[in-house]
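Novice: Chain order of the listed sequences is H and G. Residues are numbered in the numbering used here as their position in the first sequence, beginning at 1, plus a constant of 251. Residues are numbered in the numbering used here as their position in the second sequence, beginning at 1, plus a constant of 349.
These are computed hints drawn from the structure, not numbers from a lab. Incorrect hints may have been included.
[To be verified] Short derived list, chain G residues pointing at chain H, Cβ under 8 Å:
id, residue
1, L402
2, W404
3, F469
4, F581
5, A624
6, Q635
Everything numeric in this text was worked out from a predicted model, so none of it was measured. C-beta: ideal position from N, C-alpha, C; glycine also.
Listed below are the residues making up each chain.
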Amino acid sequence: MSAETLTPPTSPPTIPSPPPPHRSSRARREAVRGWLYASPTTLFVVFVFLLPLLLVLQMSASDWPLLSGNQGWNLPENYVDAVDHRLFWDAIWFTVKYTVITTILLIGLGLGLALLVQESTRWKSLLRTSFLVPSALGLASASLLFYVLYSPYAGPFADLMQSWGFTFLGTPEGALWSTVFLIVWRYAGFYMLLMLVGLQAIPDDVYEAARIDGASAWQTFRGITLPLLRPTFALTIVLCVTGSLLAFEQFYILTKGGPDNSTMTIVQLIYNVAFQGQNNLGIAAALSVIVLLALIVINMFQLRAFRRTDED
Amino acid sequence: MPAMSAQTLPSSTRLIEVQPSRRARRSPAARIVFGIPYAVLTTALAIMFLYPLIWTAVSSVAPRAGTSQPEGWGLGNYAALANYQAGIWVYLGNSTFVALLTVLLTLVVSTLGGYAFARFTFPGKNLLFLTVLAILMVPYTTLLIPLYVILNAVGLSNSLVGVAIVLTMFQLPFSMFMMRISFESVPRELDEAALVDGATTFGALRLVLLPAVKPGLITVGMFAFLAAWNDFMAPLILITDTNRMTLPLAVSNLRVQVQGVIDYGATEAGVVVLALPCIVLFLVLQRHYVRGFMSGAFKG
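Bound conformation, chain H alone (with noise of 0.2 Å):
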């Protein structure tokens, strides 16, 4: 998500300027007071969000095993390492594949609920509530929450998969989509949330114009409601993309990446490589550098694309 994007609208305009002679101690004062109460944001800001920044730069760039610590510099060995990985090319592949498919599916759902829930009447408000309840859920304890349910031995599905011989986990497809509807499951009325909003913005009177001119319900579907709700598209497009690249929780608890490294996430792959087993931190931060450059490359590509769009 750009920055610029976010900015909330400046301030109003301040009050008419003192006589000048004050003018400058006074905004000297003004500006003391400001940093002062902006100061606890600067040193979050500093120390625990810009300095682990620039040490995972200089981390990626030198040897740093987990327990030893830095052992110097090593450029470019730990880029080299991270690509040459053996499973750095099938992880990408994996997450890039699981990243379209829950976008898809999440973004046509959220619509489609949406669309479902949108009057008001109390029964729709009830429905809107049993979709989000799920979002209230930590994303860890509906992976847990899962994890039992598709179990082949307590889940309520235990006896229909000993009788047709199946597991949700088994196999690498089945892996992959199980995971699919647990997050399709959880998030959904999030994305039905954030639609419903970009909804309402819809002015009433435009539908109003459409139904005079005679326009079916498909026809206001397609010419009205899905280009005004461009703008939502767009912010839930990125965040579903950007949160479906990192994926973690969800394939560390139902999966661990596998069966067979199947399931294996590009985020699951820097932890591994960074606590367990290899415990090589170098290698693990050149990993996180590369997400981090792949993923402002692809939220630019992603904003100029529905900018461009939005021109048109």
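Fit chain G to the given chain H structure using the hints.
Specialist: Coordinates of chain G only, in the frame set by chain H:
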């Protein structure tokens, strides 16, 4: 709880209302023809969304061979959960501590910061605000790996305070944005009157502005709590001592308790304990949850 939720549910999503005009104009016959498939479809969807939650809650107290509740209904699984390693109270305590500290830090930092951004002009103001928003652009892992090294270096390894500090940083973009627009929507005359009356800027903030931005504070606090209570990855990377683990981490580890045999019953109980506070908080504060989105905080 039933009485409260019955009261909350119908009204709380009313913030999002689209005029009930379009469909209502259909003839009664059409309404029945369209109405029946609609009712069936939406009921099925509602069941699909609620079933996993209800199933887990029910089967956590239901009898099942191979769990701690082999026969009859009861709380055996919760007892097993309570006695897991350091005991569930330790993990609940850890999670509560991290969540409350994160809420406190987030509220203090974003209130002071939001006030600064909304009411003062100072050099570097826009740069600082944009940097806060840039946190959104950086993947979680990209920061957690160097943070692991930094926290170790300053003696906050294995520390719940360290986890709370990291989680607060990840909350800043949303909460800072939220508090800035909350302060900006309060008329300037309000605090300027207090300043003219001789109050300090801090006095104006405390006595005049804080009550006015209370809805923003509730929204920010709720999102911070949910994020911190549920976070998995930060404690996974930053905490290695089993006595300092938070609840999601403990429940996730408990699955492989005894010789690789998975205790599904205790896992179900753990999910219920994890989910219950979130669902209650969500139902009680649903209005604020929706408001978080309405505020345009995520608007592109």
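Novice: Each hint: holds or not?
Specialist: To see whether the hints hold, each was checked on the structure:
1. Among the interface hints, the one on L402(G) holds; its C-beta lies about 7 Å from the nearest C-beta in chain H, closer than the 8 Å criterion.
2. Hint status for W404(G) relative to chain H: holds, with the closest Cβ pair at about 6 Å, below 8 Å.
3. A hinted interface residue such as F469(G) counts as satisfied when its beta carbon comes closer than 8 Å to some beta carbon of chain H; here the least separation is about 3 Å, so the hint holds.
4. Checking F581(G) against chain H: minimum C-beta separation of about 4 Å stays under 8 Å; hint holds.
5. Hint status for A624(G) relative to chain H: holds, with the closest Cβ pair at about 5 Å, below 8 Å.
6. For the restraint placing Q635(G) at the interface with chain H, the shortest Cβ-Cβ distance is roughly 7 Å, inside the 8 Å limit, so the hint holds.
The structure fails none of the hints (numbered hints given earlier).
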